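Number of protein chains: 2
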Amino acid sequence: MTIKTLGILGGGQLAAFIAQAARTLGISPIIMTPHADDPAVAIADKVFIAPWRDAEHLDQFSRACDVITVDSENIDYAALNYLCGRAVLRPSLAALGIFQDRLSERTFLQALNIPSVPFAAIAYDGDIRDAMAELGLPAVLKTRFGGYDGKGQTAIQSTTQAQHAFMQIAEQPAIYEKFINFSKEISCVGARGLHGQIEFYDLIENQNENHMLRQSVVPAAVSETIQQQAQQIFTRIVQALDYVGVLAVEFFLLPDNTLLVNEIAPRVHNTGHFTLDACLHSQFTQHVRAICGLPLGTTQRLANATMRNIVGEEVYAAQQWLYTPNAALYLYGKKDARAGRKMGHVTTLSAL
Amino acid sequence: MTIKTLGILGGGQLAAFIAQAARTLGISPIIMTPHADDPAVAIADKVFIAPWRDAEHLDQFSRACDVITVDSENIDYAALNYLCGRAVLRPSLAALGIFQDRLSERTFLQALNIPSVPFAAIAYDGDIRDAMAELGLPAVLKTRFGGYDGKGQTAIQSTTQAQHAFMQIAEQPAIYEKFINFSKEISCVGARGLHGQIEFYDLIENQNENHMLRQSVVPAAVSETIQQQAQQIFTRIVQALDYVGVLAVEFFLLPDNTLLVNEIAPRVHNTGHFTLDACLHSQFTQHVRAICGLPLGTTQRLANATMRNIVGEEVYAAQQWLYTPNAALYLYGKKDARAGRKMGHVTTLSAL
Chain A
1 MTIKTLGILG
11 GGQLAAFIAQ
21 AARTLGISPI
31 IMTPHADDPA
41 VAIADKVFIA
51 PWRDAEHLDQ
61 FSRACDVITV
71 DSENIDYAAL
81 NYLCGRAVLR
91 PSLAALGIFQ
101 DRLSERTFLQ
111 ALNIPSVPFA
121 AIAYDGDIRD
131 AMAELGLPAV
141 LKTRFGGYDG
151 KGQTAIQSTT
161 QAQHAFMQIA
171 EQPAIYEKFI
181 NFSKEISCVG
191 ARGLHGQIEF
201 YDLIENQNEN
211 HMLRQSVVPA
221 AVSETIQQQA
231 QQIFTRIVQA
241 LDYVGVLAVE
251 FFLLPDNTLL
261 VNEIAPRVHN
271 TGHFTLDACL
281 HSQFTQHVRA
291 ICGLPLGTTQ
301 RLANATMRNI
311 VGEEVYAAQQ
321 WLYTPNAALY
331 LYGKKDARAG
341 RKMGHVTTLS
351 AL
Chain B
1 MTIKTLGILG
11 GGQLAAFIAQ
21 AARTLGISPI
31 IMTPHADDPA
41 VAIADKVFIA
51 PWRDAEHLDQ
61 FSRACDVITV
71 DSENIDYAAL
81 NYLCGRAVLR
91 PSLAALGIFQ
101 DRLSERTFLQ
111 ALNIPSVPFA
121 AIAYDGDIRD
131 AMAELGLPAV
141 LKTRFGGYDG
151 KGQTAIQSTT
161 QAQHAFMQIA
171 EQPAIYEKFI
181 NFSKEISCVG
191 ARGLHGQIEF
201 YDLIENQNEN
211 HMLRQSVVPA
221 AVSETIQQQA
231 QQIFTRIVQA
241 LDYVGVLAVE
251 FFLLPDNTLL
261 VNEIAPRVHN
271 TGHFTLDACL
281 HSQFTQHVRA
291 ICGLPLGTTQ
301 RLANATMRNI
311 VGEEVYAAQQ
321 WLYTPNAALY
331 LYGKKDARAG
341 RKMGHVTTLS
351 AL
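Those protein sequences? They're chains A and B, same order as listed.
Quick note: the first sequence uses my numbering, first residue 1, plus one each step.
Quick note: the second sequence uses my numbering, first residue 1, plus one each step.
It should be emphasised that the hints constitute simulated quantities derived from the structure, not laboratory data.
No experiment lies behind these values; they were computed from the predicted model shown.
Beta carbons: idealized from backbone N, C-alpha and C, even for Gly.
Wrong hints could be hidden among the right ones.
To give an idea of the chain B side of the interface with chain A (calculated C-beta under 7 Å), a few residues [stated by the list, open to error]: (1) Thr24; (2) Ile43; (3) Asp256; (4) Leu280; (5) Leu322; (6) Asn326; (7) Tyr330.
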């Protein structure tokens, strides 16, 4: 079946870039989001503004779309589940479900024997004490559901803090993670096509600030062996899920050169934005190709790249980047420059 | 003044690419076109669908836009003239006016002492005979106004054809051009900023088919001297007009290495489409930067490129290009695949 319409659940900048990529390939982009002023709304061919659990709108949306994808793994599960029987959802409900829950994400990795950050499940207050005894301090308490950009996370340095941490996250189901003293944060962004083709972009080295991606540098300064290990782990993850689309695996690289999986995002990823400028096919085009059953494009890099997020009020000074001739500025058109909100990014290229 | 809204007269694929570039820089794109199904309509923030000479819509459009540009030099002159006193038009009315008329374009080049194709002005039937005596055969008769992609052109091989040629173009004012036996067709695409900054992309080598661009290859296989000569001519043209925006100069390169100007387009240009993939800043981003008074970006090329137009019914087989991993496909979303209509293009990259 030839895909003519592509639905996206969510209307943020990731949705906008996917929509633009779809349009360029002759596929009509359709958005469903609860927020009328989301960036992707302006460039979609059709828009459904409705709460996630509005069955009538979900019906209309599913009928309008040949294939449906998401701009976030945190789209309401009931909505995803409702759409699943009525439309083609890529990535699958199973994959999205696993990565909506930090606990099932970790259990999935354990089942595959993929090294990840040591953790314990927290359901009750008392679990924290047990986890602390087992995994020690410092640690991080993270809600199982709905966290991103450091939201729903609490660092624990001391026994006293541990006692408060569970309250701080409103006693939601959580995981207690050992704090990892890593030497680098790395991500691997790649795609798996409908017929199993896998293509990776080069490894990306990331710097965070306030639990949020500040800057990504490509290529990551890591050995060929690390690159291969990361790609092998990526491959095992996507094959185990029969995954279709772009996916990102975030790793900690330890001082002894061990790779631990930190997090998995079943979608296009902030650390992959450099592909808009440094590669012929961006992660967004690649995602559209994958979920539409089209062949994947080359992921070869044409330049070295540094991608920097423009966050909150930084957007008011963003035009300064226009004075850097080798910098490409992307503004997302969000009206409200709230603190910690991703307002745009800028990619600087240098010769290979 | 900071530009927040950018108006485009015309809604074709060039307008769509300009609109997308503007949006990415945080500038809201607004379209005015007589055709509701034009490609740019779907991605503009505001659209005015009206005939060019609809004063009320022109008023509204001019009030909505901080700066106004065109996607074609052939936008109705009366409309441009009406807007000129009411809005900021870039490029200027003077520049657009000169290049709407092949005769004034040639007189302009003569005044600058820039070598172009030998021609004679044709107003009456009898002028053809005189022109034939002066310039010889073969020749081409071209209408002064409104021609593009070979429309309004008639090749003249013989005296008999010459007698019919003027009738064939409905006795419109025309120019009679000596047929040039060139060795290459070359174009120079570049931009001039509001404060006089000039940036060129590398020279492009073009192949035509049925009077229409078939394929462009970058870099053109020409000497450094030819590149410099072309850029000098470009510079003299844009400086003479105090030109602001992207402009393309098409040249014939003769077997003796002389460069003749064939045509000038005061806008983004089909032969510059390779910049979408092979450069950090496309010609569209560069045009937006120029007309908004922003600094120009680098024009450095990251790869070698071949750009091929997808014309008419070729669009039905366009998906074949997705099987070429280093090819990027652009479809313009035009519904009617008329013969000779540009429906999309594909750019193939190879390493520098």
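Against the structure, the hints come out as follows:
The restraint placing Thr24(B) at the interface with chain A holds, with a minimum CB-CB distance near 5 Å, inside the 7 Å limit. Because the beta carbon of Ile43(B) sits about 5 Å from the nearest beta carbon in chain A, less than 7 Å, this interface hint is met. Because the smallest distance between the Cβ of Asp256(B) and any Cβ of chain A comes to about 36 Å, over 7 Å, the interface hint for this residue is violated. Look at Leu280(B): its Cβ gets to within about 5 Å of chain A, closer than 7 Å, so that hint holds up.
Interface restraint check: Leu322(B) against chain A, minimum CB-CB distance 5 Å, threshold 7 Å, status holds. The closest approach between the C-beta of Asn326(B) and any C-beta of chain A is roughly 5 Å, which is under the 7 Å cut-off, so the hint is satisfied. Against a cut-off of 7 Å between C-beta atoms, the interface hint on Tyr330(B) holds, since the closest Cβ of chain A lies about 5 Å away.
Consistency note: the structure conflicts with earlier hint 3 alone.
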